[in-house]
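Could you put the whole structure together from the sequences, leaning on the hints where they help?
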Amino acid sequence: MVKIELKNLDFAYNGSMVLKNISHHFEQGKLISIVGPNGSGKSTILKCMDRILQPKNGTISFDERNILNFHADELAKKIAYVPQIEGGTFPATVFDSVLLGRKPHIQWSPRQNDLEVTASMIEKMNLKNISLKSINKLSGGQRQRVFIARALAQEPEVLLLDEPTANLDLKHQIAVLKVLKKLTEQGITVIIAIHDLNLALQFSDHFVLLKDGEVFASGEKEIITNENIEKLYDIKVNIIKQKDKIFIIPLS
Amino acid sequence: MSKEIIQEYKQFTTRKRLFIWVCIFLLLLFVVLGLLIGASSISLNNIIHIFTGNSEDINRQIILNIRLPRVLSAVLAGTALSVSGTVMQSILRNPLGSPFTLGISNAAAFGAAFAVIILGAGSTQSNVNDAVLINNPYLITISAFFWSLVSTVIILLMARFKDASPETMILTGIILGSLFIAGTTGLEYFAEDVELSTIVFWTFGDLGRASWREFYILLAIVIPSLFYFMSNRWNIRSLNTGDETANSLGVNVEKTRIKVMLVASLTTAVAVSFFGIIAFVGLVVPHLVRKMIGSDERFLIPATALFGGVFLLASDLLARSIIAPMVLPVGILTSFIGAPLFIFLLFKGKGKGIWLR
Ligand SMILES: Nc1ncnc2c1ncn2[C@@H]1O[C@H](COP(=O)(O)OP(=O)(O)OP(=O)(O)O)[C@@H](O)[C@H]1O
Ligand SMILES: [Mg+2]
Numbered sequence: 001m002v003k004i005e006l007k008n009l010d011f012a013y014n015g016s017m018v019l020k021n022i023s024h025h026f027e028q029g030k031l032i033s034i035v036g037p038n039g040s041g042k043s044t045i046l047k048c049m050d051r052i053l054q055p056k057n058g059t060i061s062f063d064e065r066n067i068l069n070f071h072a073d074e075l076a077k078k079i080a081y082v083p084q085i086e087g088g089t090f091p092a093t094v095f096d097s098v099l100l101g102r103k104p105h106i107q108w109s110p111r112q113n114d115l116e117v118t119a120s121m122i123e124k125m126n127l128k129n130i131s132l133k134s135i136n137k138l139s140g141g142q143r144q145r146v147f148i149a150r151a152l153a154q155e156p157e158v159l160l161l162d163e164p165t166a167n168l169d170l171k172h173q174i175a176v177l178k179v180l181k182k183l184t185e186q187g188i189t190v191i192i193a194i195h196d197l198n199l200a201l202q203f204s205d206h207f208v209l210l211k212d213g214e215v216f217a218s219g220e221k222e223i224i225t226n227e228n229i230e231k232l233y234d235i236k237v238n239i240i241k242q243k244d245k246i247f248i249i250p251l252s
Numbered sequence: 001m002s003k004e005i006i007q008e009y010k011q012f013t014t015r016k017r018l019f020i021w022v023c024i025f026l027l028l029l030f031v032v033l034g035l036l037i038g039a040s041s042i043s044l045n046n047i048i049h050i051f052t053g054n055s056e057d058i059n060r061q062i063i064l065n066i067r068l069p070r071v072l073s074a075v076l077a078g079t080a081l082s083v084s085g086t087v088m089q090s091i092l093r094n095p096l097g098s099p100f101t102l103g104i105s106n107a108a109a110f111g112a113a114f115a116v117i118i119l120g121a122g123s124t125q126s127n128v129n130d131a132v133l134i135n136n137p138y139l140i141t142i143s144a145f146f147w148s149l150v151s152t153v154i155i156l157l158m159a160r161f162k163d164a165s166p167e168t169m170i171l172t173g174i175i176l177g178s179l180f181i182a183g184t185t186g187l188e189y190f191a192e193d194v195e196l197s198t199i200v201f202w203t204f205g206d207l208g209r210a211s212w213r214e215f216y217i218l219l220a221i222v223i224p225s226l227f228y229f230m231s232n233r234w235n236i237r238s239l240n241t242g243d244e245t246a247n248s249l250g251v252n253v254e255k256t257r258i259k260v261m262l263v264a265s266l267t268t269a270v271a272v273s274f275f276g277i278i279a280f281v282g283l284v285v286p287h288l289v290r291k292m293i294g295s296d297e298r299f300l301i302p303a304t305a306l307f308g309g310v311f312l313l314a315s316d317l318l319a320r321s322i323i324a325p326m327v328l329p330v331g332i333l334t335s336f337i338g339a340p341l342f343i344f345l346l347f348k349g350k351g352k353g354i355w356l357r
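First to last, the sequence lines map onto chains A and B. Start counting the first sequence at 1; every next residue gets the next number (my numbering). Start counting the second sequence at 1; every next residue gets the next number (my numbering).
What you were told as hints is all true, and nothing was included just to trick you.
For lysine-lysine, the following DSS-like pairs were computed, each having C-alpha atoms within a straight-line distance of at most 27 Å:
| no. | chain 1 | residue 1 | chain 2 | residue 2 |
| --- | --- | --- | --- | --- |
| 1 | B | 348 | A | 133 |
| 2 | B | 3 | A | 178 |
| 3 | A | 133 | B | 10 |
| 4 | A | 20 | B | 162 |
| 5 | A | 77 | B | 3 |
| 6 | A | 171 | A | 241 |
| 7 | A | 137 | B | 3 |
| 8 | B | 16 | A | 128 |
| 9 | A | 128 | B | 3 |
FYI, nobody ran anything at the bench for these hints, they're computed from the structure.
Here it is as structure tokens:
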């Protein structure tokens, strides 16, 4: 089933075209990796999907309904987004930051259920020992896990994550992707922008290769070929297949 | 396991609630002190009599028509300035973002000067006892309020035409502030001695101008705006995490920022137009409270509202008694307390930022 569909999407920052005529549909319950060089438009496409940026042309629909027709709170219950970089000025505690993810569900004050969801996401992201620490006193990776936990606390149907593993250590990279993978089993659609191809290969169901604002190729693992990678990044790689796993090693 | 986390969090918020109760207690305490302290000594017993019975003496006049409106207006003005400062810091994500740094006070001062010099609100005749006679205080208040609004509207228009980013608002505010200072200086150049002293006198924030009329107008503005901020506290909190995150949490970023900005400016403008420039309250109180209970707007907004009231009331008490029987304008005192306090907070939080728990 199609969860999010992009049709002829154009996006420009002050006149310079960043996304060019993108049409693509994202299937429900899949973990989809958007891959591409720096500046290829990965972050931009995610922001368009959460209505943070308005495309110049084209439409984005969620369950076949144009996202422009959603009320802000309604959309926030459906789609959660974790930015690549986030900076608040007056930091809150870990618990409060994650609790903020409940905002679309909270009328006036958080209820017991909101606290419970918050606590369980804190556990899921392995933050329980620091749940009352101020987030400006956390390491980059811990902070990133807080923001992921907040998005999880939104209990959305679609999760958009911009480089969720960028600051994480080896253990937490795997842990976070496992959590995301598990969410897809519950029917949640997870779309991530990611640079680590090996990690992406290990966990994703689907790939979208983005180059210069255009979808260059999309599909399952099979599209990750020497040829495509070389075209995408302009470097040569070695692709090693080991049992059912694929590894990519850049050649210098 | 997750029970523990929730338990801990509840204890954590209980401490914040406790702080709010302490503020309420302090507020009541200082209100009573405010009624007790003054040029003529009136005992607590006497005051209780005044409120319960109907003793028709001069003390009744002093308490009901002078001290009470002054004390209550001090509380409301302190609340107005502090809460506006708090929400502006949060929505602009800037520790210096307060209605004062955004030029409201300068605009109001310009408005006062405008009323005195162009509209002739200040008296040109002086008598021996009182060099400064303000013929028409309401004209000054109205003009001050009008010009505060002009500056707010310009900031919001800039936000509308360029973007409603914190940077645009802060830079426009600061530039406007300097423009109004230039305007005031320009007017003062053409002023006569008495007009000049009228302007200067107005500029000192002074709660001595408070009567019931001021109190009721303040009440009608401050209470609804407090309610507005409280009902927007989740939005304000989201905005502090960044526009993109706020957006994905369902906040209409630009609309919220513009509306909160407008309400905060209005609230400040009313207080400033009545009482003149009471510096630093809107800047220091939010930082003090943030330091004590953290930056969760759910608790921060009511806590700064109360603490701001206590702070200005206590300052005014000090101003009334420090060189008694003379009364110091409270604005001078808040500057003397506020500036060092701000620097202290700055140094104490060195490396962590001043606004942290
Ligand atoms: N706010 C902005 N204003 C103008 N141009 C922008 C803005 N943000 C991004 N761009 C441009 O848009 C293009 C796509 O940027 P985007 O952030 O989507 O890339 P990305 O694929 O996420 O890159 P990265 O891998 O570095 O995160 C880049 O050329 C970038 O310079
Ligand atoms: Mg990016």
